[in-house]
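K.L.:
Spelled out from the first residue to the last, the chains are:
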Amino acid sequence: MEATFIAALAGLTSIGAYYVGARALGLPSARLGAAVGKMLESVGMVLIFLAVNLTTSVLIVLVVRGLADTFVSAYAVDDAVWLGLSLIQGLAFQSWRGSAAEPASGR
Amino acid sequence: MDTTVRRGDRVCRTIGLAGIVFFLVSAFSPLAYRLNQWMADSPRLVASDAIVVLGGWISPSGMLSLESLRRTNRGIELYRRGLAPVLILLGGSTGGGPTEAEVRAAQARLHGIPADAILTETRARTTREEAARVKALLEPRGVRTVLLVTNAGHLARARPLFERAGFEVRGVPSDPLVGADAPESRIAQMRVLVKEFLGWLYYRIAGYI
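Chains as they are written, first to last, in numbering that gives the first Met the number 0: chain A, 0 to 106; chain B, 0 to 208.
It is worth saying that the hints were derived from the structure and are not from the lab.
Chain B regions said to be covered by chain A (calculated; three or more residues, Cβ under 8 angstroms): (1) 11-17; (2) 180-189.
Only some residues are given here: those of chain A computed to face chain B with a beta carbon under 10 angstroms: (3) I5; (4) A6; (5) G36; (6) K37; (7) M38; (8) L39; (9) S41; (10) I47; (11) A50; (12) R96.
Calculated Cβ distances over 12 angstroms to all of chain B for the following chain A residues: (13) L11; (14) G15; (15) Y17; (16) G20; (17) A21; (18) A23; (19) L24; (20) S28; (21) A29; (22) N52; (23) L84; (24) I87.
Built from N, CA and C at the ideal position, the CB exists for glycine as well.
Next up, chain A with everything else stripped away, as it sits in the complex:
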């Protein structure tokens, strides 16, 4: 029930956003596909950062366990904050890539 409600509401606001974009803001509908593609690229970049962050932290935990006489739990890397941090890193990196691909503005 809850899942259906959430999915229906997200669908509804997405349709609303499409109408606002196409009618009120005059955005070309033909560019929506390309925009979705860009969104997928950004999500992909965030996931790459997430994978790199988690893999690196697990490796550090294992190295510390192997070298030092202290125990560090692998669960230390199990924190939702990684998703938020990876989101910031991924979006920033993707914007940087995007700006590098644009022609210089002269400023």
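Based on the hints, put chain B in the right spot on chain A.
P.N.:
For chain B alone, kept in the frame of chain A given last:
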């Protein structure tokens, strides 16, 4: 340069699409619940020599995590059903606070389990260490069959470790076996499954199981 960028874009796009599909399927389908149920197998609730409740997590102030509480309650329930004469509770401390095993033992005593039927082990820090410590604790007592209590995803890794330690293992999942409908609960369950899968993979590669 342009070709490399475009190839990079394609890779990102594919990963992004896969991530979004995985997220939507996890949140809006019963996949996580089904996977968990499949991993749980059906619990073998038969009379055994001991009940072993694996550690979860405890806060530095001494509050058991939800999963730790679930496992403890399941262990207490098994004892009260007369399925074994001994209840072994595991779990160390976090940041110098009380140990999980002692907090669990206090809870078990509150539920009427006699103190001499409870054993605690507070030094093990990983599942592998838990199997070794429990072996050292129970071998002199001639314990062979154990009811092993932990969450379903964790059982896949814990069961072979305890079997290697010489026990005949009857896995008892601590998970509430009802399908969660809320997307957030489904995502949380999928997160546990992914984490446990990675743990299982690491143990396989390291040759522990």
